[in-house]
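Novice: The lines below spell out each chain.
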Amino acid sequence: MLVYRPLVSSELSHDEVTTASAGHDDASRSWVEGLQGSGREHDRCVARLHALLVRVARHETLRRAGVLHLRGPEVDDIAQQAADDALMAIKAKVADFRGESRFTTWAYRFVVFEVSTKIGRHFWRHRPIDLDDAGWERLPDLQAAAPHRAAEERELFALLRRAIEHDLSDLQRRVFVAIALNEVPMDAFARELGSNRNAVYKTLFDARRKLRASLADAGHARPLSSRESA
Amino acid sequence: MNDRHDLDALLATDTTDDVDAGCAAGFEVLHRYVEAELSGGDPGRELPGLDAHLHRCPACREDYLGLLSVAREFGDAGPSAT
Numbered sequence: 001m002l003v004y005r006p007l008v009s010s011e012l013s014h015d016e017v018t019t020a021s022a023g024h025d026d027a028s029r030s031w032v033e034g035l036q037g038s039g040r041e042h043d044r045c046v047a048r049l050h051a052l053l054v055r056v057a058r059h060e061t062l063r064r065a066g067v068l069h070l071r072g073p074e075v076d077d078i079a080q081q082a083a084d085d086a087l088m089a090i091k092a093k094v095a096d097f098r099g100e101s102r103f104t105t106w107a108y109r110f111v112v113f114e115v116s117t118k119i120g121r122h123f124w125r126h127r128p129i130d131l132d133d134a135g136w137e138r139l140p141d142l143q144a145a146a147p148h149r150a151a152e153e154r155e156l157f158a159l160l161r162r163a164i165e166h167d168l169s170d171l172q173r174r175v176f177v178a179i180a181l182n183e184v185p186m187d188a189f190a191r192e193l194g195s196n197r198n199a200v201y202k203t204l205f206d207a208r209r210k211l212r213a214s215l216a217d218a219g220h221a222r223p224l225s226s227r228e229s230a
Numbered sequence: 001m002n003d004r005h006d007l008d009a010l011l012a013t014d015t016t017d018d019v020d021a022g023c024a025a026g027f028e029v030l031h032r033y034v035e036a037e038l039s040g041g042d043p044g045r046e047l048p049g050l051d052a053h054l055h056r057c058p059a060c061r062e063d064y065l066g067l068l069s070v071a072r073e074f075g076d077a078g079p080s081a082t
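These protein sequences, in sequence, are chains A and B.
Residue numbers are given in my numbering: position 128 of the first sequence equals residue 128, and the series is strictly consecutive.
Residue numbers are given in my numbering: position 27 of the second sequence equals residue 27, and the series is strictly consecutive.
Simulated from the structure, these hints should not be mistaken for laboratory data.
A couple of the hints might just be wrong.
As the list claims (entries may be wrong) - Where chain B lies over chain A, by a calculated footprint (3+ residues, C-beta under 8 Å):
1) 52 to 63
2) 97 to 103
3) 112 to 118
4) 187 to 200
Glycine included, each C-beta is placed from N, C-alpha and C at the ideal position.
Using the sequences and the accompanying hints, generate a full structural model.
Specialist: Structure follows, in structure tokens:
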């Protein structure tokens, strides 16, 4: 039986468990010492980091802004909020930095994550999608997009449509339709559900597993090689 | 990567042979994955659980692309050079 099992850090494979690095590079060491220090040097370091995070957040917001048609003030607002929240997370977690990468790469994760979360709030304004709409009915369009596919593929999509309709739970269907078919950003959808990215992904994972099983039961096994095992 | 017209992409029937790390655990090592890529390493081999996850999770995939971009653009910044 295929089981989704999200790993915790302590369960990562041997190669994924990194011992503390031999030493930070000079810039990384300076960041860490500045953040963990006190007085004017600390304040200066925090101010410089925040200014850098704002630039990083703006860069990332603009990278993602295209499909949402965000305007300048919205971009600036998202970037500022993302930088503020990322700075708080970085200050709280700086002791966890083990020198496995440059400090900046470690820190920028928080900015990218915050931008993703905050941009989710803007998604529905720019791309309203009826979450109760049976969007899976668009599946024939998928078939039309691949005209070289033959009768077997048409049958496959028909089976998939039936499986989406009958084999998934309501939540699984909503998540699969929104994320996999309509390409709704997971953070935006999680926000709509009052949930979080991890939980939405787990639901998507289960939905896909169930659909693969439905196709396999109908004699159309997909070539899944992932262990996905407990 | 996620060709919406591809049934295998819709159902995540990728060919990776590793356990999906999930979003939270993947976030914990995302910086290592990006750094390995930037230094010419093989992040997929070093972090197979995250590699599998990035093939399946559009949100974490987007975070990966974003982190890769900003690490390239702003990665060398130091506290006295920004």
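Novice: Within the assertion that chain B covers the region 97 to 103 of chain A, do at least three residues meet a Cβ-to-Cβ distance smaller than 8 Å?
Specialist: holds (count 3)
Novice: Can the region 52 to 63 of chain A be counted as covered by chain B under the rule of three residues or more with Cβ-Cβ separation shorter than 8 Å?
Specialist: It holds: at least three residues are needed, and the region 52 to 63 of chain A offers 6 whose Cβ sits within less than 8 Å of chain B.
Novice: Check whether three or more residues of the region 187 to 200 of chain A sit with their beta carbon closer than 8 Å to a beta carbon of chain B.
Specialist: Held - the region 187 to 200 of chain A has 3 residues with a Cβ nearer than 8 Å to chain B, which meets the minimum of three.
Novice: Go check the region 112 to 118 of chain A versus chain B for me, would you? Three or more residues, Cβ under 8 Å, otherwise it fails.
Specialist: holds (count 4)
Violated hints are absent here; each numbered hint is respected by the structure.
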